[in-house]
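Participant: Position chain R relative to chain U; hints supplied.
Protein chains: 2
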Amino acid sequence: MQEHDEPRYAVGIDFGGTFIKMALVDDAGTIVARRRIPTATLPNRAAWMDAMAEGIHVLAREGRSARPAALSGVGIGVPGFVDFARGHIFELPNVPGWSGVPLASLMEERIGLPVRVDNDVNAMATGECTFGAGRTYQHAVFVTLGTGVGGALLIHNRIYRGAHHMAGELGHMTIDMNGVPAPNGRGGLEQYVGNRRIVERALRYLDEGRTSLLDALCEGDRSRIDPLLIEKAAEQGDPLSITVYDEVADCLAAALASVTYLLQPQAIIIGGGVGQSGPILYEPLHRHLRERLNINFADRLEIKKAALGNDAGVIGGAAMVLLE
Amino acid sequence: MQEHDEPRYAVGIDFGGTFIKMALVDDAGTIVARRRIPTATLPNRAAWMDAMAEGIHVLAREGRSARPAALSGVGIGVPGFVDFARGHIFELPNVPGWSGVPLASLMEERIGLPVRVDNDVNAMATGECTFGAGRTYQHAVFVTLGTGVGGALLIHNRIYRGAHHMAGELGHMTIDMNGVPAPNGRGGLEQYVGNRRIVERALRYLDEGRTSLLDALCEGDRSRIDPLLIEKAAEQGDPLSITVYDEVADCLAAALASVTYLLQPQAIIIGGGVGQSGPILYEPLHRHLRERLNINFADRLEIKKAALGNDAGVIGGAAMVLLE
Numbered sequence: 236m237q238e239h240d241e242p243r244y245a246v247g248i249d250f251g252g253t254f255i256k257m258a259l260v261d262d263a264g265t266i267v268a269r270r271r272i273p274t275a276t277l278p279n280r281a282a283w284m285d286a287m288a289e290g291i292h293v294l295a296r297e298g299r300s301a302r303p304a305a306l307s308g309v310g311i312g313v314p315g316f317v318d319f320a321r322g323h324i325f326e327l328p329n330v331p332g333w334s335g336v337p338l339a340s341l342m343e344e345r346i347g348l349p350v351r352v353d354n355d356v357n358a359m360a361t362g363e364c365t366f367g368a369g370r371t372y373q374h375a376v377f378v379t380l381g382t383g384v385g386g387a388l389l390i391h392n393r394i395y396r397g398a399h400h401m402a403g404e405l406g407h408m409t410i411d412m413n414g415v416p417a418p419n420g421r422g423g424l425e426q427y428v429g430n431r432r433i434v435e436r437a438l439r440y441l442d443e444g445r446t447s448l449l450d451a452l453c454e455g456d457r458s459r460i461d462p463l464l465i466e467k468a469a470e471q472g473d474p475l476s477i478t479v480y481d482e483v484a485d486c487l488a489a490a491l492a493s494v495t496y497l498l499q500p501q502a503i504i505i506g507g508g509v510g511q512s513g514p515i516l517y518e519p520l521h522r523h524l525r526e527r528l529n530i531n532f533a534d535r536l537e538i539k540k541a542a543l544g545n546d547a548g549v550i551g552g553a554a555m556v557l558l559e
Numbered sequence: 236m237q238e239h240d241e242p243r244y245a246v247g248i249d250f251g252g253t254f255i256k257m258a259l260v261d262d263a264g265t266i267v268a269r270r271r272i273p274t275a276t277l278p279n280r281a282a283w284m285d286a287m288a289e290g291i292h293v294l295a296r297e298g299r300s301a302r303p304a305a306l307s308g309v310g311i312g313v314p315g316f317v318d319f320a321r322g323h324i325f326e327l328p329n330v331p332g333w334s335g336v337p338l339a340s341l342m343e344e345r346i347g348l349p350v351r352v353d354n355d356v357n358a359m360a361t362g363e364c365t366f367g368a369g370r371t372y373q374h375a376v377f378v379t380l381g382t383g384v385g386g387a388l389l390i391h392n393r394i395y396r397g398a399h400h401m402a403g404e405l406g407h408m409t410i411d412m413n414g415v416p417a418p419n420g421r422g423g424l425e426q427y428v429g430n431r432r433i434v435e436r437a438l439r440y441l442d443e444g445r446t447s448l449l450d451a452l453c454e455g456d457r458s459r460i461d462p463l464l465i466e467k468a469a470e471q472g473d474p475l476s477i478t479v480y481d482e483v484a485d486c487l488a489a490a491l492a493s494v495t496y497l498l499q500p501q502a503i504i505i506g507g508g509v510g511q512s513g514p515i516l517y518e519p520l521h522r523h524l525r526e527r528l529n530i531n532f533a534d535r536l537e538i539k540k541a542a543l544g545n546d547a548g549v550i551g552g553a554a555m556v557l558l559e
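Each protein sequence line maps, in turn, to chains U and R. Residue numbers for the first sequence follow the numbering used here, so the first one is 236 and each next one is one higher. Residue numbers for the second sequence follow the numbering used here, so the first one is 236 and each next one is one higher.
Keep in mind that a hint or two might mislead.
What the hints assert, rightly or not - Pairwise CB distance ranges (calculated):
| id | chain 1 | residue 1 | chain 2 | residue 2 | range |
| --- | --- | --- | --- | --- | --- |
| 1 | R | Arg459 | U | Glu526 | 36 to 44 Å |
| 2 | U | Ala417 | R | Gly472 | 32 to 40 Å |
| 3 | R | Gly332 | U | Asn392 | 34 to 42 Å |
| 4 | R | Ile272 | U | Ala533 | 32 to 40 Å |
| 5 | U | Phe254 | R | Leu438 | 58 to 66 Å |
| 6 | R | Asp534 | U | Gly513 | 39 to 47 Å |
| 7 | R | Ile272 | U | Glu518 | 46 to 54 Å |
| 8 | U | Glu518 | R | Asp450 | 49 to 57 Å |
| 9 | R | Thr274 | U | Glu443 | 55 to 63 Å |
| 10 | R | Glu526 | U | Gly544 | 31 to 39 Å |
Everything labelled a hint here was simulated from the structure, so no lab data went into it. No residue lacks a Cβ here, since even glycine has one placed at the ideal position from N, Cα and C.
So that you can see chain U by itself, here it is in the shape it has in the complex (with noise of 0.2 Å):
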């Protein structure tokens, strides 16, 4: 039996493309120490794990009021394809060299603690279900709005992960059939609502003569609009700004409703860059939500914009492995 008043700790790391982002984290989901890792100087496979290795013991002994003893174990966050039962990596679609890798026991070798290895939004998701937006509620969708759109899925106060490990693919849900064209079918809701389909929305518009305090804002060079700089003109209340948001969150309403429709989560949790957007998108949002959903599924759910920020994959990390 473990002993209450006596703290556990582990590691959480958010496996990127560019970073491998890594911290110990308590039982009560504050992070103690970090560390973050860039890999363009690592070689191969064999130089990633043993930098997390390393890096897994730096942190250990940094976290002060942790004893080695009391390290739980890691979880580890990858962008891609994962058999969560094995901790196996079938593939990641953005980062060369790792399809077919058993991660958690090449891992647990090395460090000779147990490893859990799970796709990053379902890392994510556990962070923010465990100690963020999400820690009340027993069923709720986890969305991510970022450069792609990802989703996670909170059943019975577990992460859900279908049949085959791939559940949770918000982003290719359909809102048109007949829509934007993509290896993953016809319009789905990445294609509509991901940072460059915002941006491109912005684009149309200005390019079509639309005046808009984005030509300020960007001091003339438009590829340096992004999302945020949209939102900047759409709070100070650039018409042309407050029209892509109520078009990207309409976009995402029609979405979370068919989520909602066939789930009816308690909540959706929005996470990702664009869902810390403030009211420029959460009221349209609302809105059309209502606008979509009937009654009684609209009066039973709660849009919650997620709590835990860019550590959410940290401490979903470790939170996988606390949570056993």
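Facilitator: Structure of chain R alone, referenced to chain U:
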């Protein structure tokens, strides 16, 4: 303890606006006796319940091999919103007078046996997943194609009802965010593949002056055109009718692709009248699903035709009780 060689029985009830269909079902899913009660002559709710109670007694007597002691209980599927845990009906949109009715406890008082109440589509899905097309799956999605389009979800071998009993409303999932408006949002699947919509597609082409076998098959009376007649014409090579089913299949594929990206079930089981169609529906459905799904999802998904036909509701009602 239940003796394994002693068969158990339950009564399943499919509670509709025109008929109450009832059956005595054994624990292998076999119907032992049936009864059908027209509701037109039943003046009020008490009369409906009395008729059901009497039907249960008649069925228990009729089932020659069924001794009263072996009747485990009664499961009722109703067309509307239900709290399954309490056996409480919130509302039946198409059957007036049943809002806020604790049907399970009212029936238990009448018959002195355990009574379960669920939504009718959940009841059918329970039947298919226990004794029909879904009996080998732990994760499946059930969809009914008829006047309306309904759905139910099997997750970890149990019907999943969401946070507030209403999950599975596949017919309201958006396939075109700016499409046909309806009380349950814009562009919902039901507005494209419900029976009436299928007929409207055919009539639209006929009104445009296209020639079709349909005019001969309906003997000049276009009000007689229904999905079955269109299927018949399509099977005889009628291009208009083939086009109609291809369009219906693509709309269905758009919604089922979204469901698959979100939940990744092992199988999708298709019931209801139109679900009983032949290759004229299933060939284009498979084709469009392959176009719309990433190969990792497409290769791992089975599409199955429901196996219990019109008996799914009564068998499923009984299964609710026999499974406990």
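Participant: Could you tell me which of the hints above the structure violates, numbers in ascending order?
Facilitator: The structure conflicts with no hint, since it agrees with every one listed earlier.
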